[in-house]
Amino acid sequence: MIWDLHNHINGLPGATPDVHMENLIRFADRMGIERICVFMGYPFINEPTPEQLRAQNDQVLQALAHWSHRAFGFVYLSPQHLEFSLKEFDRCVRNGPMVGVKLWVARRASAPELDPIVEAAASMNAVIFQHTWHKTTGNLPGESEPADVAALAARHPGVPIICGHTGGEWETGIRAIRHLPDVYADVAGGDPTNGFVEMAVRELGARRVMYGSDSPGRGYASQLAKVMGADISEADRKLILGENLKRMMMPILQRKGIRV
Amino acid sequence: MIDVNVSLGPWPFRRFPGDTPSDLVARLKRRGVTEAWAGGFEGVFHRDTSAANARLARACETAGAGFLLPFGSVNPAAPGWREDLRRCHEVHHMRGIRLHPNYHGYKLSGAAFPDLLRAARDRKLIVQLALNMEDERSHHPLMRIPPLDPEPLPKALAEAPGVKLVVLNRMRAPAGEALAALARAGVHFDLAMIEGAGCVGDLMSVITPRRLLFGSHSPFQYFEAAVLKLKESAITGEDEAAILSGNARRLLQSE
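In order, the protein sequences belong to chains A and B. Sequential numbering from 1 applies to the first sequence in my numbering. Sequential numbering from 1 applies to the second sequence in my numbering.
Looking at chain B on its own, in the form it has when it is part of the complex:
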């Protein structure tokens, strides 16, 4: 099982059970995870993302070498982001990066986002785009983060053909034909924040299971939620295998 959506480091507003790297690794392994793609909460909040990414890479190596794959944070609205991207790739040997546009203060409609997509594509890096981190109704009152509008995503993708894009923490949008079109364009989606009885089955009525990845948003969310979503939708056999690991493995190995 490959979990494409875990995070290391402290969340500013609460501690989570199992939120130290070694504890998280132990918990994930106990639940059958064989590999986890790890972003860093520091990368969401810190301006010095270079240092945050270096700490993330060290933590992954120390607590879970060969198990935790670090995905550094890059903020294309910040000066020097190309150097951050270079270090993620050349210094830390990361396989991908993670973006948090609404926390970093940029929109997908600007020039920075497709610029970053192209630069990541040229380095053959996977780009994870986190649409949300938590329900906006529960944001800390001193730090309300506006929702990210995914509507410009198709246009940005068209400006960076071939980029390997994974959307994390999709809640309700994009939906319908917009969602189907993104999947046809090669975009992958994780399961962490989709909701409703039978939500995975509902999603598979719109997009192929080949575009779905197992992501738990651990330790922010209970890991079991993503597993039980597959059970609730009676996902078994080839579809289950593809979602649990096959699709992620293919994405990682694709050129």
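Just chain A, same shape as in the assembly:
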């Protein structure tokens, strides 16, 4: 069973979200991926306005309309627009079909504005996914480091939070989150550098490591290779490829009556 934590409907040809999804699923099918999590619409906007957030979430809702049997949606929120984001969470998650929250680069995860969003998500058992990177070339002003996720998680013990990309430069990222048992490592979105998954399993344990691709900007191929090619046990591989994500999502799926 392969569930892919990290997908976008931006980057493949197509005039509508439905066509983007068709293209994405075509590649997922070739790789044996059963379910994909999708968030953010198009184009990518670093600091979206409330109107842009709503429009992008509408694109994802449209994409889910015909693909709810293959895809889960996460609502794209911004702590720059906290009041709106909490209402958008209610629209898309509490009262809508989405099951998670995506936070990107508008504001660092360590900022206090994140707290009400985390509390809202936790109240619904929604998955919380925060993009992070630790770039030698320099982060965007609001772009989180894994250390920002660690600071956020320390304020919300017991709430699972996914550290997107594990910082890209994963050796630093893994070290930044390893003392926080509720922070999970997303392996998506960087080069398939040998040793990433082995270190994550060694330092975090396989139950805190999750496969994601960041497709279509990254290929399913290069990202699956991180798990398929890793020197780990078959039991750990299964956890990373889907069992961990399914375990994290089951409370909200059950709450919403979504059968998998």
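Keep in mind the hints are simulated off the structure, nothing from the lab. For every residue, glycine included, the Cβ atom is placed at its ideal position computed from N, Cα and C. Please note: incorrect hints may appear among the correct ones.
As the list claims (entries may be wrong) - With a Cα cut of at most 30 Å, we get these calculated DSSO-like pairs of lysine-lysine:
{"no.": "1", "chain 1": "B", "residue 1": "K107", "chain 2": "A", "residue 2": "K135"}
{"no.": "2", "chain 1": "A", "residue 1": "K238", "chain 2": "A", "residue 2": "K87"}
{"no.": "3", "chain 1": "A", "residue 1": "K238", "chain 2": "B", "residue 2": "K29"}
Said to hold, decoys possible - Among the chain A residues that face chain B by a calculated CB cut under 8 Å, a handful are:
{"no.": "4", "residue": "P112"}
{"no.": "5", "residue": "R218"}
{"no.": "6", "residue": "M228"}
Got chain A sorted already, so can you dock chain B onto it with the hints?
Then chain B, alone, in the frame of chain A:
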């Protein structure tokens, strides 16, 4: 299966699973590789490339005679590079060389690069040009390597007609018509660092599969990435066979 892009030796900033020559050979063979063209990480970083190339040749002979084909590093910005080239060819009997311009500090627009291309061509050596080794966002902060501009490549090629050039680790550039023109001029490209869903299929919409080579960038990258890229793009039959080994075999045997 011929993997045209593997490397031996230690990378300065991390160890990789399977990064000893014997372990790498065993892993590649387990995955169906029958021959691998091996450069050396020492050749990327060491100033004494002569010694690095000698160690590379010995390691290939010891750990994988007949399986690992050594591709020595030559730096045309360094004094005495012609002697390095001669030793690669005449002493170590290498079939090709590997270049790392951005790590060695020269541009493709200077005179040194076409000089080296001509000298290698005259010896019938394959020239592998590594455009990247890793995402620049992840470079060690004490050693940031500027990206290599491939734009001067057509002009340099025109100054060395007939050279057998293989571009390794292409990420996004060259692209479009520039990429197509290079392929028409006979340049080959490996798969190791191309990215995106269906990336091999996308590449084949621009250049013929006869110019594509299977390269994994092992052990730096997980070997499986290159294999799965073919699966993701549903590459099968003659195209798959050409990419996996036929094109490399033809390149190796061509005069």
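Here is how each hint holds up against the structure:
{"no.": "1", "hint": "K107/B with K135/A", "in the structure": "holds, 25 Å"}
{"no.": "2", "hint": "K238/A with K87/A", "in the structure": "violated, 36 Å"}
{"no.": "3", "hint": "K238/A with K29/B", "in the structure": "holds, 25 Å"}
{"no.": "4", "hint": "P112", "in the structure": "violated, 28 Å"}
{"no.": "5", "hint": "R218", "in the structure": "holds, 6 Å"}
{"no.": "6", "hint": "M228", "in the structure": "holds, 5 Å"}
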